[in-house]
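Given the coordinates of chain R, work out where chain H should sit on it, guided by the hints.
Chains R and H supply the protein sequences, listed in that same order.
Everything in the first sequence is counted per our numbering, starting at 50 for the first residue and increasing by one.
Everything in the second sequence is counted per our numbering, starting at -9 for the first residue and increasing by one.
Just so you know, the hints here were simulated from the structure itself, not pulled from any lab data.
Be aware that a few hints might be false.
Said to hold, decoys possible - With a Cα cut of at most 25 Å, we get these calculated PhoX-like pairs of lysine-lysine:
| no. | chain 1 | residue 1 | chain 2 | residue 2 |
| --- | --- | --- | --- | --- |
| 1 | H | Lys83 | R | Lys106 |
| 2 | H | Lys(-8) | H | Lys60 |
| 3 | R | Lys91 | H | Lys83 |
| 4 | H | Lys32 | R | Lys106 |
| 5 | H | Lys57 | H | Lys(-8) |
Unchecked claim - Computed, partial: chain H to chain R, Cβ under 10 Å:
| no. | residue |
| --- | --- |
| 6 | Arg31 |
| 7 | Arg82 |
| 8 | Lys87 |
| 9 | Val89 |
| 10 | Gln92 |
| 11 | Gly93 |
| 12 | Leu96 |
| 13 | Thr97 |
A virtual CB, placed ideally from N, CA and C, is assigned to each residue, including glycine.
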Amino acid sequence: EPEVTQTPSHQVTQMGQEVILRCVPISNHLYFYWYRQILGQKVEFLVSFYNNEISEKSEIFDDQFSVERPDGSNFTLKIRSTKLEDSAMYFCASSEGDVGNTIYFGEGSWLTVV
Amino acid sequence: QKEVEQDPGPLSVPEGAIVSLNCTYSNSAFQYFMWYRQYSRKGPELLMYTYSSGNKEDGRFTAQVDKSSKYISLFIRDSQPSDSATYLCAMRKGAQKLVFGQGTRLTINP
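This is chain R alone, in the form it adopts within the complex (with noise of 0.2 Å):
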């Protein structure tokens, strides 16, 4: 069964270092998305992302954060300057389509920021 893949599935940083999170959607969905779970809370919504452009963002996605499509097949969200707060699972996510279409999550990438 086709799966969204993530990488690395744990990573410790430092406080102020760039991180750089690497997911693989499933090969023939069209819209990425990235959500967030800090221990013990809910999963969040950060971005989404369709034709090469953010399509909507929520506030937790502020200017240290970017996302980028570098080639057909890899999806990445970038944290610049990362904070204790950061620290989290991060999700990766994707769909066929839109309105109406399931949503498959990665296994997450665990981010420790010390």
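What follows is chain H alone, placed relative to chain R:
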């Protein structure tokens, strides 16, 4: 008032019991309703996806949506220890964004 409310539990039931999980929501703009299962430190896995009010059944799982009451439920019949996980309700607002509940931690005791 939170957009989506879900009792975080924990909920502990004996094997074979019927489990009822629920969410309420405040925004009548929500059109699509989902239940995801999440094992510890793993990604959400889609269980059920519904659009209209009413019931949808898939094996041991039944999803129920009552738009007039802004209330959704997931029923698990003949619960198994492997069903032990956190269950997340999620709702779709607009074209793309999912709004999740807090998640209910469920344990099925053998």
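When the hints from earlier in the document are held up against this structure, which numbers fail?
12, 13
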